[in-house]
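A.B. asks: Based on these hints, arrange chain X on the given structure of chain W.
Protein chains: 2
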Amino acid sequence: MRIDSKDNPRFKTWLSLLESAGIRKAGLALASGGRIVNELIHHPKVRDLVEAVLLPPSSEKLPSAARQFELSDQLYERLDEYGTGSPLLVIKKPAIENWSSGDPLPEGLVVVAATSDPANLGALIRSAHAFSASAVILTKECASAFLPKTIRASSGSSFKVPLFSGPRLSELRFPPSHAPVMLDLKGKDLSEHKWLKNSAVVVGQEGQGVPESLVGERLHIRMSDNLESLNVAVAASIALYSYANQK
Amino acid sequence: MRIDSKDNPRFKTWLSLLESAGIRKAGLALASGGRIVNELIHHPKVRDLVEAVLLPPSSEKLPSAARQFELSDQLYERLDEYGTGSPLLVIKKPAIENWSSGDPLPEGLVVVAATSDPANLGALIRSAHAFSASAVILTKECASAFLPKTIRASSGSSFKVPLFSGPRLSELRFPPSHAPVMLDLKGKDLSEHKWLKNSAVVVGQEGQGVPESLVGERLHIRMSDNLESLNVAVAASIALYSYANQK
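Residue numbers (the numbering used here), protein chains in the order written: chain W, 219 to 465; chain X, 219 to 465.
In case anyone wonders, no lab produced these hints; they're calculated from the structure. Here the structure is a predicted model, which means the values were calculated and not measured. C-beta atoms are modelled at their ideal positions from N, C-alpha and C, and glycine is treated no differently. Treat each hint with caution, since some may be false.
Where chain W lies over chain X, by a calculated footprint (3+ residues, C-beta under 8 Å) [unchecked claim]: (1) 300-313; (2) 370-380; (3) 429-442; (4) 447-459.
Here chain W stands alone, though its shape is the one from the complex (with noise of 0.2 Å):
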């Protein structure tokens, strides 16, 4: 089927998804990039939920067995918000199960994210799916894990990693089962933690850290001018690399 207007529904649905607001709305995400694209197709957790393959104009089918539509330069350079030339995915949004202070947390390693910047959260959701995070809470302060730059970023990741949805940063509370560790400026050097299996690692917002309040092992990465600070993905990624090291 083609799809000229910019005044069709489905267009208009698909368009929204460029914003949370519309991500939300609609229970579905849109992804870019030839690479991507071509994996998460492929992928067993992924192809079912693929619900349609938005192809520019006059190119070939993909390998699926979503709807595929094709799309007037207009209206596809409209959805390609990276450039990407090649055919773009809506997804179904897995479901977001709902993670309440205490409650209970699965067993190994646990990222808590605060991370504003989509880009930054996809690249610590990579770090996290690559170093095998048994789940990542997004708090409430985080950016959506499937906004198209966060799953570009996440390099698809975004749709592999179980998600949880916490409460505000100020509000987290550990069960007894697991260690809550804090990256910050200050504490201890990371390179002398000794992590236990189960570790719920927090991360921040970007030039915010994380609230005094929240009780649990401060960490900090000993860097050799002081002044400075990391990038708060990469930062993150440290410490995962740090625990995956160890176990």
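C.D. replies: Relative to the frame of chain W, chain X by itself:
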């Protein structure tokens, strides 16, 4: 002085600083972000390079010796790509020396970057600074270190780290003083690597890695899920952390 016309020659020069070609031609760069700008106007390496402060309408002057210009809303918004709402800085691009294959390198850890995404390059430069790399060599494939996006992601470190302009990735050859180390998806486990004090870490292009022809030790970051990879700035930063941790 107030500028309202988009035909003003100064404004046209500033506008050109949103692209690599304009930066090269003018020898200037544009920095944005309240915290970054405030830090750069006081930094001993940078404050004398500030050539102009660009203020949004009716905002206060900054404590800088540089000439200050008030822009109309419309002109300011075209330069303030990230919607910071804060004053922008026009800064003389620091001199970047050429480094040719085989040339001597400064002692310590040298980072060789071929990352084509400015946000990744910025995060990498920020980490290189935080972990005291002695130099960052930008290969021909690499994005500009002085694009507004790179500067922003570097948190201003683009102006503080010794940068060199290098050859193409495939033409790299290092002097005997430095042990070349390539970040790759295969190779020795990073956690088992004994770093030499003088090392040159090569960070390839996004999704492409380091050419097979390059001679040197190949290191990979062990991941629990071996199908996955990390963001390039994340992977490189983990390697820098590993070096800094042994030194």
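A.B. asks: Now tell me, hint by hint, if it's right for this structure.
C.D. replies: Against the structure, the hints:
1. Counting residues of the region 300-313 of chain X whose C-beta sits closer than 8 Å to any C-beta of chain W gives 0, which falls short of three, so the coverage hint is violated.
2. A count of 3 residues in the region 370-380 of chain X with a Cβ less than 8 Å from any Cβ of chain W is obtained; the coverage claim is therefore met, three being the minimum.
3. Given as covered by chain W, the region 429-442 of chain X passes the check, having 4 residues with a CB less than 8 Å from a CB of that chain where 3 are the minimum.
4. Figure legend: the region 447-459 of chain X, annotated as covered by chain W; annotation consistent (8 residues with Cβ-Cβ distances under 8 Å, at least 3 required).
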